[in-house]
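Start counting the sequence shown at 171; every next residue gets the next number (my numbering).
Be aware that a few hints might be false.
Claimed, not checked - Quick list of in silico lysine-lysine cross-link-like pairs, BS3-like style, CA-CA up to 30 Å:
#: 1; residue 1: K259; residue 2: K249
#: 2; residue 1: K228; residue 2: K249
#: 3; residue 1: K178; residue 2: K228
#: 4; residue 1: K217; residue 2: K249
#: 5; residue 1: K217; residue 2: K228
Simulated from the structure, these hints should not be mistaken for laboratory data.
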Amino acid sequence: FVQRYRAKYNAEPDTFAARAYDAMTLAAEVIRRYGPTRSAVHDGFAKIDNVPSVIFGKFRFDTQTRRVAGAKNLDLVVKDGKFALWDGKGAPRAQ
């Protein structure tokens, strides 16, 4: 994703670009597996699973929350020149 984005736009992808890419990947996979009709897409979102993601690894759609299911976000900071989990105390900042 990143290499293709850089080649096409001559810029670094931001979070919005990555999330938009994942959303379209999910929608395209639903249509590919279940068909392009409104009912097929609706039902397909309830069934789809194990879709590759540039942000979350493999994911699925939760019809109850209407969000990606199983996604985990980690807050990272740079500590001693390496990424580390942020402990939630104070404002995260590079050290």
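Open item on the list: Check the structure against each numbered hint from earlier and tell me which ones fail, lowest number first.
Closed with: Hint 4 contradicted; others consistent.
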